[in-house]
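Student: Residue strings, one per chain:
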Amino acid sequence: MSLLGNGKRMVTVTINKNQYLAEEGEIFLLTANRLGIDIPHLCYEKALEPYGACRLCMVDVVTCGKTDMTPACTIRVQNGLEILTDTPQIIKHRNLLFELYLAEAPKSEVIKEMAAKYGVTKTRFLKKIVHDDPLQGKCILCGLCVRVCEEIMGASAISFINRGPYTVINTPFYEHNPDCEGCAACAKVCPTNAIVFEDIGTNRVMQSWSDTTVPLMICPECGKPFAPQRLMEKVLTKPESGLIEEIKDLCPECRRKYFTLREIRKIPTNGGQA
Amino acid sequence: MIITSHEDLESVRKRGLTKIQPKHPRIGVGTSSCGIAVGGMQIFDRMQELIQKEGYDITLVKTGCIGFCKEEPIVSVTIPGKSQVLLHKVRPDDAERIIALALKGEIPEDLALCRIPDWDHITGNLVYGDGFESVPDYGEIRFFSHQKKVILRDSGLINPEDIDEYIGIGGYSAAFKALNSMDPDTIIEEVKKSGLRGRGGAGFPAGLKWEITKKAPGTEKFIVCNADEGDPGAYMNRNEMESDPHMLLEGMLIGAYGMDVHEGLIYIRAEYPLAIERLTLALDQARAYGLLGKNILNSGFDFDIQIATGAGAFVCGESTALAASIEGKTGRPRLRPPRLTEKGVFGRPTDLNNVETWCNVPVIITKGATWYSDIGAKGNTGTKVFSLVGKVENIGMVEVPLGTSLRTIIYDIGSGGAGGKEVKAVQTGGPSGGCIPVRLFDTPVDFENLNMVGTMMGSGGLVVMDEDTNMVDIARYFINFASSESCGKCVPCREGLKHLLLILNRIVSGKGTRDDIEILKELSDTVQKTSLCGLGQTAPNPVLTTLQYFGEEYEKLIAPEGK
Amino acid sequence: MDEKILDEIIAHYPSQSGKTLGILREIQIREKHIPMDTLKLLSGKIDVPLSRLYALVTFYSFFSLKPVGEHLITVCMGTPCHVKGAEKILESLEEHLGISEDTQDGKYLQTTPDNKFTVEIARCFGACSMAPVLRVDGELHGYVTPEMIPKILEKYGWKR
Ligand SMILES: Cc1cc2nc3c(=O)[nH]c(=O)nc-3n(C[C@H](O)[C@H](O)[C@H](O)COP(=O)(O)O)c2cc1C
Ligand code: SF4
Ligand code: SF4
Ligand code: FES
Ligand code: FES
Ligand code: FES
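Chains as they are written, first to last, in my numbering: chain A, 1 to 274; chain B, 275 to 837; chain C, 838 to 997.
Warning: the hint list may mix true and false statements.
Unchecked claim - The calculated lysine to any residue pairs, modelled on SDA-like cross-linking and capped at a C-alpha distance of 25 Å, are:
| # | chain 1 | residue 1 | chain 2 | residue 2 |
| --- | --- | --- | --- | --- |
| 1 | C | K903 | B | P547 |
| 2 | B | K803 | A | N16 |
| 3 | C | K925 | B | R780 |
| 4 | C | K877 | A | P215 |
| 5 | A | K128 | B | K795 |
| 6 | A | K127 | B | E826 |
| 7 | A | K127 | C | Q941 |
| 8 | A | K127 | B | Q811 |
| 9 | B | K603 | A | F173 |
| 10 | B | K603 | C | M873 |
| 11 | C | K903 | C | M873 |
| 12 | C | K925 | B | D799 |
| 13 | B | K803 | A | T70 |
| 14 | C | K856 | B | G621 |
| 15 | B | K617 | A | I27 |
| 16 | A | K66 | B | P612 |
Hints are computed from structural coordinates only; laboratory data are not their basis.
Use the sequences and the hints to build the structure in full.
Tutor: Written as C-alpha cells, this is what we have:
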C-alpha cells in the first residue's frame, strides 16, 4: 500500500493468482485492461454509471475461498481484492453469451471479430432477422446510446421501446423527434457502429432514429454547414462557453483561422524581439 | 372521531362488535374478486334489493373470502345466539329463500357447508353459540381442519370495508400497545425474536431488514409494501388485501414506528382494482380515526401511507425495478449493491416487505415473539398462505404452519387430484420455482427444503399437475411467461430465454433432437448464472427440475432417430 | 382526451411517488388505450420527456397504444387456467375470429378487421376454481371448452 501524489491510495489486488498494485476505488475493468489483462466488455463507458447489462465482463470474485461471478465493470478496487478472469466456468458462459450475441446481431462485424478473438465463430442459435432494421442488425442493446443521450446530452430523444426479446431503440412513435439535437453522440458511443446518420445539404439526418432531421449551422465566414443548430444554441447559452462575441457563430475551422490570424497580428514586425 | 386513548379505542371496539354480532340476523356475502367472479355481487345486490324493499331487520354486509374457492360463492348467516353457518355454491335465486329463513332464525340446510360456534381471531375471541347441530362443524371439514389461520383469521368473517369491524375483533390494539407502551427498538427486537422471514420469496429475516433500514444514514426514508404479486396462479396477497386491508395497514404502522419512518407506500399491481379500492377506503377510514396522519393515537408519531400502482410487469416485483417503477421509470432492475435499505425509492433508504410479511406484524406484537415462534419449524416460524390450484380437488386458499409437508397440503387439505385423477407433481414458486414429483411430497414446505429439491418457496402458488399434464409443456409455459416478462436489459435473459422457448417449442411439437436437450441444459445453466436479476437467474428452474424429475417425458418427445 | 380531464387526473397526484404510472393508468382506464396526442400533451404538462413516456407505455402491459374494438375478450392465461387448457381456448377464438397470434411488440392484443372484437390475454382473474376462464366486457365465463366458443361469441353479435 502506498500513497500516490494525488492522494489516491495504491493497494494490492490479486488477479489470476498474480499480485498487482492498483488504485483504490478504480473500476476493476479499467484496472485489468490497463494491466493488460483482457476482459471483453460492451456496455461500459467511463463517463457513465456502470450498467452491468452485457454480462461479457463477468469475472469471479474470490472471498474466503468462495467465488462469486460478478461483472468487472461493477467491482471497485480495494485492498486484498482477489479476482479470477479465466476459469473454465467463466470461459464457458462467456462463449455461450457470444453465441447469443452472434444470433442477436448477425450483421455486426465488431461482434464477429470480438467473438472470434475468443474462439467463437459460430452460433447454434437462430439468427435474428429484421427487415429494414434501422440499426442494421447490429444493435446488442447495450443502452449506451440511450444513456449518453439522457445523462450526458440531457436530450432524452431516444429510449428503449417494448421489453424482453422485443426491445428496440428508437424515437417515440418511431417519428421524427424534435428533442433530438443531432449531436450524434449516440453514434459515436455505439460499440457496434449500429447507428446511421448523414449530413445532407444543410441538415443532419439521423437515419436510425426515424429520419429525425436537425438543421446545421452555416458558418457566416466560409458558408459551410457544421454543427447542429440546436446543439450550438445550447452550448452558446451556457455562460462558461467562454467564446468571444465575434467568433461564436463561426465553424471550428474559421475560429481557428481567426485565432491564428490574431496571433500573427500580435507578432511585432521587428521579428519578435520585444 | 380521532382515537386518542384506550377508552376511545374500546368504544369503537364495542361498536364494531355489535356490527359483527347484531341483535338481528346478519348475512355476509363473499365479495372479493374471486367471489364476485363467480356471482357474489349478484347475490349481494339481489339481497340488498329485497331487504330494502321490505325493510327487513337484517344486516347485510360484504365480507372477504374464506378461501374455499371450489365452494364459492359462500354466504355466511349469523342468527343471534346461534352458530354462524356458511352456505356454499349459493346462486342469486337462493337469495329470497335465505332471507326468509334467516328472518325465522333458520338456514337452508341443503346449502349449508359448515357451522362456526366460536372463532379465534387471535386478537380477540368471538362466541356465536350452538345450534344447527345437523350441519357439520367447521373443524370437521377436511379442507379447513388441517389449516391454521393466523393471517387469514378474519378473512371472510368481517366486512373489509368497515374499520369498526376490524377494531371490533381487536384490530389496532397491537398498534396502540406498540405506539404507547413500547420502545421502537423493542419492536424490532420482538420481530427479530419471532423469527419472521420475508414472505415475498427470498425469506430474508424481516427484523434484520428493519434494523438495517433504521441504521441507514438519513432521516427521510420509506417503508414499502410489495403488493405486485406477479406469479400467475398466486393470489394470496390479493385475498389478504381485499379481505382484511387493515391488518396490512396496522402492520405497516407498527413497522414504521419501529424504524422511525414517516412515509409508507403500497406498490400494488394495476390488475387488482378491487384491492386498490378497498385499500383506498381503508386508508381514508384509518385517517379519519387518526390511525394515520399526525400524532397517531396521541403518541407524537406521524405516519401516512400512499398507494402507487404498477402497470403489468412481473419484473417490477424485483426490489430495484419496483423502486424505479414508483419513480415513474421502466422497471429495469439495476445492479445491487447498493440495496434498497441503502439507496431505495428516490435514492432514500427503503425497507421493502411483502404484503404477508407486514400482515404478520400485528399478531407478533399482540401475542409476543414466543407465541409466534412456537408456530412452524425452527428457522421457519409462523404460517404461510398458499393458493392451492390446478388439478387438485379442493381448490382454495390454504394457510398452514411452515414445515407442513406437501403431502398434507395436497392430499389432506386438497383431497388429491381433481376428479379422482392421479397427482403427478406440484409446481411451487411460480415461474421462479420448479416441479416437484409425488415421490418427494414428504418434503416439508419451508425455505431451505424447497431449495434443496431445486425449487423455491416463492410467493406461495401451488399448482397441482395430474397424470394428464405434459411436463415439457409446463416448462415451456413458464419459459414463455418469463421471456415475455423479461425486461430485456441483459442478454442471457432477453435472448437466452427466447432461445430456450424456441427449443422447447421444437421439442413439444415432436421435432426436437437429442442435441436440443444438451443445449437446453447448457443454456439454462448460463442464463441462471449470468443474468442480472432474480427473474433471469431463476427462470430456468422449471426446465431444470422437469429435466431432472421427468426426463423421460422429454425423451418420449424426441424424434426416435434423434440425431 | 380533453385537456381539462387530463389536468384533473394530474391533480390527483400531488406527490412524485407513483405519479407517472398512476396518471397513465387512469388514462388507459378512461380511454381504453393511450392516445398519442394525450401522451404528447402529458409530456409537456408533467415535464417528462416524451421518449420516457413512450418507453413506459410500451414496457408495461397494462397500457396499449391501439384502441380496442366494441367487445373486449380477455382470456386468462394464468398457470391454473393453462393446465386446464387455456391455450386451446385462445386458439379457438383466433380461428373463429380470424385473428392471428403475431405480435410486433410482445403484447397480445388482436382486433378483428370489423372492429367488433378485441382479444387480449391476462394472468389470473382469481376465478381459478372455474378454470379455464374468459371474460367478455366484464362478464366472466367459466369451465370454457373450445366447443363453447361460437356460442359465447354469438351472444355478443358474432355471426358465423
Ligand atoms: C422477478 C421477481 C419478482 C418478484 N415478485 C415479487 C412479488 O410479486 N411480491 C413480492 O412480495 N416479492 C416479489 N419479489 C421479491 C422481492 O424482490 C423482495 O425480495 C421482497 O418483496 C422482499 O420482501 P420480504 O422480505 O418481505 O419477502 C420478486 C423478486 C423477483 C426477482
Ligand atoms: S444502438 Fe449501439 S449504443 Fe445503442 S443500444 Fe444498440 S448497440 Fe448499444
Ligand atoms: S435477468 Fe431479465 S429481467 Fe432481470 S435484468 Fe436481466 S433481462 Fe431484465
Ligand atoms: S461491461 Fe460489464 S456488464 Fe457490460
Ligand atoms: S374464492 Fe376467494 S380466494 Fe378463492
Ligand atoms: S389462472 Fe385463470 S383465473 Fe386464475
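Student: Regarding the pair K617 of chain B and I27 of chain A, is the alpha-carbon distance no greater than 25 Å?
Tutor: holds (20 Å)
Student: Below or equal to 25 Å on CA atoms is what counts here, so check K603 of chain B against F173 of chain A.
Tutor: This hinted pair holds, its Cα atoms lying about 18 Å apart.
Student: Is the hinted pair K877 of chain C and P215 of chain A satisfied, with a Cα-Cα distance of at most 25 Å?
Tutor: holds (23 Å)
Student: For K925 of chain C and R780 of chain B, compute the direct alpha-carbon distance and say whether it is at most 25 Å.
Tutor: Roughly 18 Å separates the two Cα atoms, so the pair holds.
Student: When you check the alpha-carbon spacing of K603 of chain B and M873 of chain C, does it fall within 25 Å?
Tutor: holds (19 Å)
Student: Compare the distance between the alpha carbons of K127 of chain A and Q941 of chain C with 25 Å, and conclude whether the hinted pair is satisfied.
Tutor: holds (17 Å)
Student: Would you mind confirming whether the straight-line C-alpha gap from K903 of chain C to P547 of chain B stays at or under 25 Å?
Tutor: holds (22 Å)
Student: Check whether the Cα positions of K856 of chain C and G621 of chain B lie no farther apart than 25 Å.
Tutor: Answer holds: K856 of chain C to G621 of chain B is near 16 Å, not above 25 Å.
Student: For the pair supplied as a hint, K127 of chain A and Q811 of chain B, is the alpha-carbon distance within the 25 Å limit?
Tutor: Measuring from Cα to Cα gives roughly 24 Å; hence the hint holds.
Student: Keeping to a limit of 25 Å between CA atoms, is the pair of K903 of chain C and M873 of chain C held or broken?
Tutor: Holds, at roughly 10 Å.
Student: Are K66 of chain A and P612 of chain B close enough, with their CA atoms no more than 25 Å apart?
Tutor: holds (21 Å)
Student: Please verify whether K803 of chain B and N16 of chain A have alpha carbons no more than 25 Å apart.
Tutor: holds (20 Å)
Checked against the numbered hints given earlier, the structure breaks hints 6 and 12 and satisfies all the rest.
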